[in-house]
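Chains C and G, in that order, give the protein sequences.
So this note's numbering is basically just the index in the first sequence, starting at one, shifted up by 154.
So this note's numbering is basically just the index in the second sequence, starting at one, shifted up by 1.
It cannot be assumed that every hint is accurate.
Subject to a maximum C-alpha distance of 20 Å in a straight line, what follows is the list of computed SDA-like cross-link-like pairs (lysine to any residue) [said to hold, decoys possible]:
no., chain 1, residue 1, chain 2, residue 2
1, C, 288, G, 76
2, G, 83, C, 185
3, G, 83, C, 243
4, C, 396, C, 378
5, G, 83, C, 289
6, C, 244, C, 442
7, C, 244, G, 81
8, C, 210, G, 70
9, C, 288, G, 93
10, C, 244, C, 204
11, C, 288, G, 80
12, C, 244, G, 92
13, C, 288, G, 94
14, C, 244, G, 91
15, G, 11, C, 238
16, C, 609, C, 643
17, C, 374, C, 409
18, C, 210, C, 185
19, C, 231, G, 56
20, C, 231, G, 57
21, C, 244, G, 76
22, C, 244, G, 61
23, C, 384, C, 362
24, C, 217, G, 64
25, C, 217, G, 56
26, C, 374, C, 416
Among chain C residues calculated to face chain G with C-beta under 8 Å, some are [what the hints assert, rightly or not]:
no., residue
27, 192
28, 202
29, 291
30, 297
31, 445
What the hints contain is simulated information worked out from the structure, not anything from laboratory work.
Yeah, the Cβ is synthetic: ideal placement off N, Cα and C, and Gly gets one too.
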Amino acid sequence: MSHPYDVVIGLEIHVQLQTESKMFSWCGTEFGLPPNTQTDPVSLGMPGTLPVMNRKAFELALKTAVALGAEITPFTKWDRKNYYYPDLPKNYQISQYDLPFSTGGWLDIPARKDGGGGSRCALTRVHLEEDTGKLTHGVGDYSEVDLNRAGIPLMEIVGEPEIRSAADARGCLEELKLTLRSLGVSDCEMQEGSLRCDANVNLHIHKDGKTIATPIVEIKNLNSFRAVEKALNYETERQYKKWLEDGLTIKDSPKTTRGWNDAEEVTKPQREKETAADYRYFPEPDLVPVVVDEEWLARVRASIGELPGARRERFQTAYGLSPYDANVLVEQGDDVADYFDAVARDTSEYKLASNWIQQDVLRSIKDKKQAIADFPVRPDALADLINRVKRGELNTNQGREVLGRMIETGDPAETVIELGGYKMVSDSGAIAAAVDAALAANPQAIEDIKKGKKKPEAVKGFLRGQVMKQTGGKANPALVGELLEAKLAELLA
Amino acid sequence: MSLSTEEVAKVAVLARLRLSPEELQTFTGQLNAIVDYVAQLQEPDTTGVEPLAHGVEVRNVFRDDVRGEALPREAALANAPKRNAESFLVPAVLD
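Excised from the complex, chain G in its bound form (with noise of 0.2 Å):
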């Protein structure tokens, strides 16, 4: 399993991460050598083994649908890197 310049390309894509030249050579190269460390799993025979759907087994955690005390606005937006009295501010979004 070898992941193409392309493929990493496109994953800084999804990943809203603007890569280099240089840096997508570095990344493909180290991020390969991730894949192909984890590739191993793929060597046990796993015919006939259930898929794990989860790591813990443990079922049904759930809350009581109890409504407690919101966040004061103020502490909501304290950490926004843009505001205005009530919102967040991004970017123009244009659909």
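Next comes chain C alone, as it looks inside the complex (with noise of 0.2 Å):
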């Protein structure tokens, strides 16, 4: 990464709210219905028509903030952002301009294997408004407009221009996701709406001891988490060039808004849209002030749960875990991190049930489509197997099968080893038998080793696996390892 510049991204964040009904008014929230089924007069913007605030977006708004460590404002209120525009049946937004709910906060990055993230992203405020309704283009000269969307309960969260690679930005949302999802405040889904982002970006290009900005854009239209990422690729690497050829610096040029063209993977040029000071914000008379005080404060904050991040700490300190470990389980969600807590009370080897879980649970109920509150292990009868392969009945390679073998069946561990004859064998003389055996019948590793043709490690590895075939599989790692050490050495005196 040896560019002459560093990326400057912010993110600004809409995301649904989860109500039964709309912010204003009383018709549903479902996601998916025919067009214009989920409406009502205030909603329509019918004239004559009064919004009354719904309290759970309000209080879902507000463990938002308070999660994400912003500060709260007492006293709120809102305004009208007043544009025409089809999908805005009131010729004017409902939202909050000068005095937010909620100012500051950050979202922290979890650190990648690739050595990236890790850092810190600071928001500038969390304000609530309605979203407005979906317009489908290219029916003749024609637009549909669907008004089911209009009036449901929107978060904004807009983020300081802080993050510093597109890979951060992903990780950014990802996190955010993760903690609405844990909050119960969205269910954050990219692909239908209910999380949308918009990412502002530049660079600060480092020529001859200064430091030049390039023109910002805004980047619309990103659908994915995957679009996010590779959109700010691409719109760096165009910036860059763009500067090669015409040195344009901010000065010199206003922000512009660009669209992401997810199957071109490029962005172009989209139409401007009026200026903020156009919005012509005024105080909305229909809404009075909300007053949020400490008892209602306090009881937002006890309704907190264990966050994501908190979770991660926790699952290193208290389990050892490693981060990396530690971050698979918890980004799976809630569900399973819960999972992998409840296995953790019955039994003390937190290492492997964290690998059971992260290759076979998970694998499994990825394949099956399935929750895991779906999956046919339940956490005590996995606490169980780990127990028994740690009070050295079975072998890890036997408590992986017969782990199979109880997603398969739903049956208990002790089960499936009766019915298997799954067993470790401990028997000194059984495996002293099968290590000769298994020397027998490979005698050029010993002259392998004599005349070093290969590295002595690599061939007692290939011998282990030769003794563990002879016993089907069954021997006792540890002693298998001591009794063919002791064989060799006395071979090779």
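From the two separate chains plus the hints, produce the assembled complex.
Pasting the structure below:
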């Protein structure tokens, strides 16, 4: 990464809140219903109707802001953002301008295996507004307007322009999704539009000891986490090439908007919107302000459980997991992390539990597109199996085989072991015999060590495998290693 | 405080109003009369007075998150100037 520039990214994120009814009226919020079947006079913007705030929407937003460490504004009000667009039936959007209900806060981007991440994304503000309708283009000379979405509670999270890479921008969004799902605030499905993201990006180019900023571009139409990362990488390269060509800086050119085209994997210029001053914000007379007192805040704080960031920490400190393992378990969501916690209550072999959950459990539920709640091996049953391995009843490979059978049959470990004749062989006589048989079947192995043709460790590894094979995979691996070493020492002396 | 015809023309564009040159003159005069009238509010000394966020002294009005019946689609679309079976139709919007 020896580019002569820094990338500067700021995210603007919209999240639909998980409520039964709309922000200011009673009709439903379900996704995917036929167009215009989820409206009422308020969300259609009928004259004479009045909005009434949904308490749950406000509380979900409050919960989010508190969880993100934001400062809660004790006195907050609503404003009208005026613009004419067919997706906005009232010709104004109820939003928050100068007194948003929260300011500041942050998200910690988890460290990645490639060494990236591990940084903090500071937030500017979180505010509450209503969603607009949906326009579908390309019906001859007309566009279709569907107002099912109009009036769904929408939380806008504005991040500081402090993100330094496309991968970090993606990391920040993924962490937000994980956190909001854990809080029960939103399902954050980018494909369904319940999480939407616009990204502002420009470059700080270093040249002759000076820093030159390129014009800011806002990227829209980002409909997946992958698209966010790809579009930002594309736009970074495009801006650098463009600067090499025309040398234009932030002083020469105002902010422009470009749309991400997922099929072509490029950004394309979009029509300019009116600037902020032209929205002619003014206080919304139809909604009274909201005062949040200490008692209310205390209630909200008490309703917040352990967040993903804290859980990663605990998995490392309480269970001794690596940051990577802790993250894999946590990033699957609360269900999987809860499952691990439940297993860890009944066994102290945390590392083995973490490995098997990551490998066998997660693969199985992914293959079957299953929720972990429906996974046939319950945490206590998995812990029981792990404890049998720990006690030496089974070796690790046998344990995984038994787990495979438990997943297939739903039977407890005890039944699978009995029916399948799984039992670790720890009888020295039997294993010594297997060692002899393995050596007899592979005479070249000793020769290879003697003549220095192969590294002794490689040959020993091969022989251990052969001994295991002789015992049908049932031998105690520690004992196999011990007896094989002794025998080899004898032969090579 | 006085609005120029350029400012009034800009507000007209934002409000999607097409004004003839004569109308622009008329409305500039009328709007200025209104603005000047309201400008009397700038005369009292408001030093130390808290800005008013809302005209009524009521706070925290909420409704419970309870879902009610949606309008039948036919009723929702009844006043549409142009529509098809499912949606409102507007002149093509291209992004």
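So, going through the hints one by one against the coordinates:
no., hint, result
1, 288/C x 76/G, "holds, 19 Å"
2, 83/G x 185/C, "violated, 25 Å"
3, 83/G x 243/C, "holds, 14 Å"
4, 396/C x 378/C, "violated, 26 Å"
5, 83/G x 289/C, "holds, 15 Å"
6, 244/C x 442/C, "holds, 19 Å"
7, 244/C x 81/G, "holds, 14 Å"
8, 210/C x 70/G, "holds, 19 Å"
9, 288/C x 93/G, "holds, 13 Å"
10, 244/C x 204/C, "holds, 11 Å"
11, 288/C x 80/G, "holds, 19 Å"
12, 244/C x 92/G, "holds, 18 Å"
13, 288/C x 94/G, "holds, 12 Å"
14, 244/C x 91/G, "holds, 15 Å"
15, 11/G x 238/C, "holds, 14 Å"
16, 609/C x 643/C, "holds, 15 Å"
17, 374/C x 409/C, "holds, 13 Å"
18, 210/C x 185/C, "holds, 18 Å"
19, 231/C x 56/G, "holds, 12 Å"
20, 231/C x 57/G, "holds, 13 Å"
21, 244/C x 76/G, "holds, 18 Å"
22, 244/C x 61/G, "violated, 23 Å"
23, 384/C x 362/C, "violated, 30 Å"
24, 217/C x 64/G, "holds, 18 Å"
25, 217/C x 56/G, "violated, 29 Å"
26, 374/C x 416/C, "holds, 11 Å"
27, 192, "holds, 5 Å"
28, 202, "violated, 13 Å"
29, 291, "holds, 6 Å"
30, 297, "holds, 5 Å"
31, 445, "holds, 5 Å"
The structure does not agree with the numbered hints 2, 4, 22, 23, 25, 28 stated previously, though it agrees with the rest.
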